[in-house]
Amino acid sequence: MSVAVFEGLRSLLFSVAYRLLGQAADAEDIVQEAWLRYARAGEDVDDPRAWLLRVTTRLCLDELRSARVRRELYVGPWLPEPVLTGAAGSAADPFANVARRELLSLGAVALLEKLSPAERAVFVLREALELSHAEIGRAVGVSEAGSRQLLARGRRRLAGEPGRRPASGEAQRELVAALLAAFESGDSKPLIARLREDLILFSDGGGEVAAALRPVFGRDKVLRFMVGVRGKVATGTRAAIEEVNGEPALVLHVDGVPTAVIAVVLDEAGYVVRFLLVNAPRKLDYVRRQVPHLRDSVTSQAAISSKG
Numbered sequence: 001m002s003v004a005v006f007e008g009l010r011s012l013l014f015s016v017a018y019r020l021l022g023q024a025a026d027a028e029d030i031v032q033e034a035w036l037r038y039a040r041a042g043e044d045v046d047d048p049r050a051w052l053l054r055v056t057t058r059l060c061l062d063e064l065r066s067a068r069v070r071r072e073l074y075v076g077p078w079l080p081e082p083v084l085t086g087a088a089g090s091a092a093d094p095f096a097n098v099a100r101r102e103l104l105s106l107g108a109v110a111l112l113e114k115l116s117p118a119e120r121a122v123f124v125l126r127e128a129l130e131l132s133h134a135e136i137g138r139a140v141g142v143s144e145a146g147s148r149q150l151l152a153r154g155r156r157r158l159a160g161e162p163g164r165r166p167a168s169g170e171a172q173r174e175l176v177a178a179l180l181a182a183f184e185s186g187d188s189k190p191l192i193a194r195l196r197e198d199l200i201l202f203s204d205g206g207g208e209v210a211a212a213l214r215p216v217f218g219r220d221k222v223l224r225f226m227v228g229v230r231g232k233v234a235t236g237t238r239a240a241i242e243e244v245n246g247e248p249a250l251v252l253h254v255d256g257v258p259t260a261v262i263a264v265v266l267d268e269a270g271y272v273v274r275f276l277l278v279n280a281p282r283k284l285d286y287v288r289r290q291v292p293h294l295r296d297s298v299t300s301q302a303a304i305s306s307k308g
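Quick note on numbering: UniProt numbering labels position 181 of the sequence shown as 181, and the sequence is numbered without any gaps.
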């Protein structure tokens, strides 16, 4: 058993657990439990990477199955916990040492909710880590043929869904900058041209704060909802463009404390097809823990000039 070996794999294990659960704090707990089991196993572990991936995956599958009922009873849309990933290389960025960042964006992790726990595990291990079906089968507890079937089923479920593939970084930055400008000025006209008419907004307030209890469909309705959000922000709220889950997003702060994250999902042509708004306080706990370590990651910041 080697602490150094485990620490070298920590980011990878966290990234897998986060993709599977969509919850950063729970992913940390899973990784910690994997460490405890690894420490107890001692010299019996021949291949630490494969062993730890298997343990982490199995723990996540257990958690996903027990969480199914809780998520079905969740108030309003369920969205993943955001993770600040600015200041590359910072210890506060849990993905800093992850070579492959596929399926880490908020849009991609939210999309994985459409899959069963087993489909999700196979999809993540194959699409994000490029493991063989033999390796995946051992991690998930299925045969190689079963792994292939689960992957095919997962791909069918997600076929054509926006957000599965990373958008152009430049297009993403332009859209979030336009969103920031709309929040600053109250003028959404420059933004409208980049929004699809079939735009959908998902808002996760967790039953704790005001939020849309159902998805908001259609560009005009989404814009009216966003105008309402802007009009209700607390005095002193500031908007900042920050890197969230590896992509630019709009983060609202009050006295330096994040109160909401707004992520955009683009189609292949670079138009906004989804807005993901997370303002449930419990969903922002992890981001708030990160803030003191990542204050320098803010790339653009401006006070919202008025609520009009």
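Among the hints, erroneous ones may be present.
[Unchecked claim] Straight-line alpha carbon distances no greater than 27 Å define the calculated DSSO-like cross-link-like pairs of lysine-lysine that follow:
1) LYS189 with LYS114
2) LYS221 with LYS232
3) LYS189 with LYS232
4) LYS189 with LYS221
[To be verified] Simulated restraints, written as ranges between beta carbons of each label pair:
5) GLU113 with LYS232: 33 to 41 Å
6) ALA177 with PHE217: 45 to 53 Å
7) LYS232 with ALA269: 29 to 37 Å
8) PRO48 with ARG156: 31 to 39 Å
9) LYS189 with LEU36: 49 to 57 Å
10) GLU197 with SER2: 17 to 25 Å
Simulated from the structure, these hints should not be mistaken for laboratory data. Every residue, glycine too, gets a C-beta built ideally from N, C-alpha and C.
*asked:* Hints numbered earlier in the text: which of these fail when held up against the supplied structure?
replied: Of the numbered hints, 1, 5, 6 and 10 do not hold.
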